[in-house]
Every structure is written in C-alpha cells, then in structure tokens.
Amino acid sequence: MDFHSLRSPAARLLKAALALLTGALLSFSAQAQATRTWVSGVGDDANPCSRTAPCKTFAGAISKTAAGGEINALDPGGFGAVTITKAITIDGGAGQVASVLTAGTNGIAVVAGATDNVILRNLSINGLGNSLSGISFTSGRSLHVQNVKIDRFDNCISIAPTATTSTVQVIDVALSNCGDTAGEAALAVKPTGAGAATVFVDHVRMLFSQTGILSDSAGASVRVSNSTIFGNQLGLSATNGGAILSFGNNQTAGNVASGAFTGSASSN
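Under our numbering, the first residue of the sequence shown is numbered 2, with each subsequent residue one higher.
Wrong hints could be hidden among the right ones.
Stated by the list, open to error - Pairs of lysine-lysine, DSS-like flavour, derived with a Cα cap of 30 Å:
1. Lys65 / Lys150
2. Lys87 / Lys65
3. Lys150 / Lys87
In short, the hints are calculated from the structure, not lab data.
Could you build the full structure based on these sequences and the hints that come with them?
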C-alpha cells in the first residue's frame with residue numbers, strides 16, 4: 002500500500018485551505034486598512050468605516066485607516082478623542098461641525114513617527130474647562146492645523162516635541178479660553194530634550210487665555226502673520242531662548258500685559 006498516495010489528497014486539500022485562508026486574511030487586512038475612511042454621528046465602530054457603513058468615532062476609524070490615509074466626517078457629530086501614531090489626515094468636512102468633546106485628557110494627541118505628516122482640518126475641539134490640551138503634539142515631522150476651533154483647555158495647542166525637529170502650520174484657527182496658570186497658553190511651544198519646532202501662525206485668533214503665545218526654549222521659533230492676540234492675561238511670552246517673530250501685520254491689544262515679539266520675520 003502506498004501511504005504517500007493516501008496522504009497526498011489530504012495534503013493538497015490542506016494546502017488549498019491554507020491558501021484560501023491566507024487570501025481571506027489579506028482581504029480583511031486590506032479592508033481594515035483603507036486609505037479613506039468615514040465617521041458619522043449615527044455610525045458604529047464595529048463597521049468597516051466605509052462611506053456606506055461609517056464608524057462612530059475617530060479612534061474607531063483610525064485603526065482601520067492606512068498610514069497616509071484620510072478620515073472624513075459624513076455629517077455633524079461628536080467623534081471623541083483620538084491618539085495619532087502615524088501619518089494621517091482628519092477632515093471634519095467644509096461647512097460641517099465635526100467635534101471632539103473631552104474632559105480630563107487631550108482632545109487630539111499626536112505621537113507620530115519622525116517622518117510622519119499629520120493634517121487636522123475643519124474641527125471643533127472643546128475641553129469643558131478641565132482638560133489638558135486641545136491638540137498635543139509631541140512627535141512627528143509636521144503638523145498642519147486649518148479651520149479648527151479650540152476652546153477651554155489648559156493649552157489650546159501644545160507643541161512639545163521631545164526628539165524630533167518638527168514644522169507646524171496653524172492657519173485660520175480660533176483659540177480661546179485656555180489656561181489659568183503660568184506656562185499655559187492658547188499656543189504653547191515648548192520643545193524639550195533634542196526636540197525643536199518651527200511654528201507658522203497665519204490668520205489665527207488667540208483670545209481670553211492665560212497667555213496668547215508662549216515660546217519656551219531655544220528650540221522654539223514661532224512666526225506670526227495676520228493674527229490677533231486679544232484679551233489674554235499675557236499676550237506674548239518668549240522665555241529660555243524662545244523666539245516669537247512678527248511679519249508686522251498682527252494685532253496685539255486688550256491684554257492685561259502685552260509682552261513683545263522678539264523680532265521681525267522675513268518672507269524669504
């Protein structure tokens with residue numbers, strides 16, 4: 002009796018089954034890591050986050066979005082806090098109100114890789130007066146924040162890279178009611194260790210906060226254009242070698258203490 006001939010059909014069947022299983026797993030992985038995903042106020046994080054079966058939260062969608070991909074909001078809703086560890090875009094959608102409402106923590110925490118670019122657009126982030134930072138950035142190559150409203154955090158935006166040299170753009174943004182003690186600000190740029198950050202601020206309103214702009218450490222450089230710093234306890238604060246440079250077209254008024262730009266910025 003040829004035992005090999007008896008085993009061969011079983012072996013072939015097992016091999017075919019393994020091939021089918023591998024294909025299924027690869028297909029599932031591709032679906033789980035789509036380049037574009039969706040959230041909705043009536044979504045469910047058990048869904049694949051497709052346009053027709055959206056997720057409920059940003060945290061639910063990000064696990065199903067490939068690095069370099071994009072999360073979009075289908076409709077207005079509160080989509081929860083999220084931690085970002087890879088290159089990604091989160092876009093609340095023009096004309097919509099995609100919000101993050103959080104208490105006692107960061108709204109959006111960016112802890113990305115040294116080559117990762119993160120984009121945040123069309124969002125409203127509210128800390129209810131007892132949260133850390135609306136956006137906390139501690140690592141990544143770049144962060145682009147546009148058409149975002151942040152209110153009622155210790156820091157509206159905290160840029161504090163610990164090891165990366167990062168570039169940050171803050172454009173068409175409203176930052177208000179952030180901080181109640183020294184060292185907190187609407188925009189706080191405080192690199193530590195080997196970290197460094199160059200922050201470009203354009204058409205930003207920094208209002209009614211402990212400090213409008215805080216630039217703290219020699220690795221911190223903030224360049225400001227077409228922006229308003231109003232109603233803060235301290236308008237501008239550059240400490241420990243930090244720089245706050247003006248393009249000469251900003252408004253600083255109505256602060257208890259104004260502070261001062263450390264120099265002029267050049268468009269070159």
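Hint-by-hint comparison with the structure:
1. Lys65 / Lys150: Distance of about 26 Å is within 30 Å: holds.
2. Lys87 / Lys65: holds (12 Å)
3. Lys150 / Lys87: holds (23 Å)
In the structure shown, no violation is registered for any of the earlier numbered hints.
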